[in-house]
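Participant: Same order as they appear, the protein sequences are chains L and S.
Here my numbering is used: the first residue of the first sequence is 1, the next is one more, and so on.
Here my numbering is used: the first residue of the second sequence is 262, the next is one more, and so on.
Just so you know, the hints here were simulated from the structure itself, not pulled from any lab data.
Take every hint as true, because none was put in to throw you off.
In silico PhoX-like cross-links for lysine-lysine, where the CA-CA straight-line distance does not exceed 20 Å:
1) S:326 - L:205
2) L:202 - S:306
3) L:261 - L:98
Pairwise CB distance ranges, derived in the manner of DEER restraints:
4) L:88 - S:405: 37 to 43 Å
5) S:284 - L:234: 45 to 51 Å
6) L:240 - S:355: 34 to 40 Å
7) L:115 - S:405: 30 to 36 Å
Note that the Cβ used here is the ideal one computed from N, Cα and C, for glycine as well.
Spelled out, the chains give:
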Amino acid sequence: MISRRSFCKKSILILGGIAVPLAALELFDPKKLAADRSGPSTVRWVFLVDTHKCVGCGFCVKACKIENEIPYDANVSRTWVERYVVTRDGKVHIDSPKAARDGFTSTSIDQGALGMLKIENNDIDKAFFVPKLCNQCDNPPCVQVCPVGATYQTSDGVVLVDRSWCIGCGYCVMACPYGVRFFHPVYHAAEKCNFCYHRISKGMKPVCVEACPFGARRIGNIRDPDDPVTRIIMTERVNVLKEEYGTKPQVFYVGLTREVK
Amino acid sequence: MKNHVLRPLFVAVGVVVLILLAREVLVPADFGVQERGYMYGWHRKGNEADWKNVRVKYRTTAYCKECHQDKYADITGSPHGAIMCENCHGPGLAHPDDPQSLHIDRRRELCIRCHFRLPYQASGRGRIRGIDPATHHPEAECVLCHYPHNPRWTPGKEARR
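So here's chain S without its partners, still in its complex pose (with noise of 0.2 Å):
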């Protein structure tokens, strides 16, 4: 056979190893099909580790109670007693060490995701007392007038803790 022909083939088999070699360095070891097959379980397993490892931020009300015994004791059993701590206050990751991270956020806009006055029989919203936060006492925050951490009791009327 003359050289002409041969070139091209050394070429073409020069490409192949090249790709093979490529593939051995750049495809990590753990790169293959795991459990759920070739179809969806192509994939780098090591992957798995790398989403199990990311940071928890949010620690639950659990977590609060250890420590703040007082306001644990004032929502649980009040209508916002399954509100989550965290809701109102921020995930508690780096709290207590950091004061900066958790902050108190007396805002109005944070009562009224469920006091503003949305009449939907269909949903649990139609069941909650709203209010129109336009008219019900626009210049304050509701805090002054309403303890989130049991809103039954009125600041200054009973003990607030």
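With the rest of the complex left out, here is chain L (with noise of 0.2 Å):
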């Protein structure tokens, strides 16, 4: 017959035996932390957006919708336009019908299901367009919460989701602070803005810097000093959403206000 105490002794040595060999699988994998230890790539793609210059026209979402396709109908999209109207009795206005997707064409304010608010141009003191998309942060949230690895940073510090090995949990799309991601409609992944990866890794821009008329958006590496966007954000005053948050946004804004959220 067994005794606890000799039972007790060997549940645990059983126990030890099972993580042991389990833990040394990961552990002792001298590639792996090889890998983890590699220097760091030449090329950090950074984003540069000027907010004075954006005019709300919807081209960028009406491209990225199209080169990435994100259904053309389907409320979602990888990067929008916000409108932002600061009345005289100090209220701020925001909306973004469509995603922008096409244009701003009303001077009334869409709030969605309470339906529009029309707003005299007398009563503003101020309105501009913010246009929005990923951070790519250098801590992605994102990233941290996949219980899969589906979701990654490369070393070039885009965040790319794997379609095949998401599985749907939701969690990145909850941990984003910017709410850039979503699922996307045909595939049932989770989506996000990936800078247009298959363009830049062919040496062309992002779809949403050539559709921008006016120069609103601009994509640069920051690895390299030479390089004119990296100029701006070193020697001019830009800005990043969320500071606060510590994921380390690597979007930066020219000409935010404190009511852009």
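Using the hints, put the two chains back together into the complex; each one sits in its own frame.
Facilitator: Next up, the structure:
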């Protein structure tokens, strides 16, 4: 008959025995450790948005949806443009009808289910447009929460999603403080802006950069000190969104004000 | 030791072996820690190539100007010079092999993206000459009176190419 003492002893032994080889499989693989410590890449993509230049035409959103095969009429988009209207009474009105795919062709604010809010031109203190896209954070919270390794960051700083590996749990959608992630209506996997990875890796520019007639969107390599975008980021007054979250966002904005969230 | 202690042990060992076997079969060979380390680089390496192979659909004005020299000459230097052809005509991926793929968008909605009057002086929009589409000749398409590739010209008056 087995005694309680020996039962406990043996189960601890067995549990330890089970745990050791599993851990050993992970910890002592030198190839993985070497890969871990390998040197930094020579490219780190960053983005520069000049909010003074944006006119809210929405050509960037239109081009993005078509280039990246996001169903055109589904109410989701990898990039979008927000309109900020600050009125005399100090209120801030924000809208982005259909992600601004068709631009802003009304003076009224689209409040979604609450209907349209009419704003007289005389009541406006200031109004402007802010394009939004994935910040390709240096500390991407969306990657940290992925339980299966379906989303990850490449050596050049772009956060990608492996559609065949994504289980659709939605943690990353919740974790992103900028709300850039959504589910792709066709592939049913998490979806996000990736700076048009297929274009930038061929030496082209992201399609939203090409589509913008006013130069409000630009892409650059922060590891190249002579890159014009790097020069602007280093020498001019640029800002990032939600710095206090510690995500180290890599989309820089010229002309941000405190109203912008 | 008696059997009733060993049996669950065998089951446990069996489960572990099964899990390890399943892992060997299901997890692709290139799955592992890549450049960005354990925290951010844990993924299937082959997926990076999958994303690089997505088809490019927008070919930019540099491509259009090869064959449409005339339109290109019209638009460069005009107030619309910075607008890429494909913004108004759609992606040139299958053009000119498939004539259906590019369309000519003559709707007023195309122009009022930029020309709907919004008096937003804090943004570039305030400096674009705006119109109110409800009162500015609502009966006709904009291109009846304005040449899109150089809006300074008026069709009919000056030579329209």
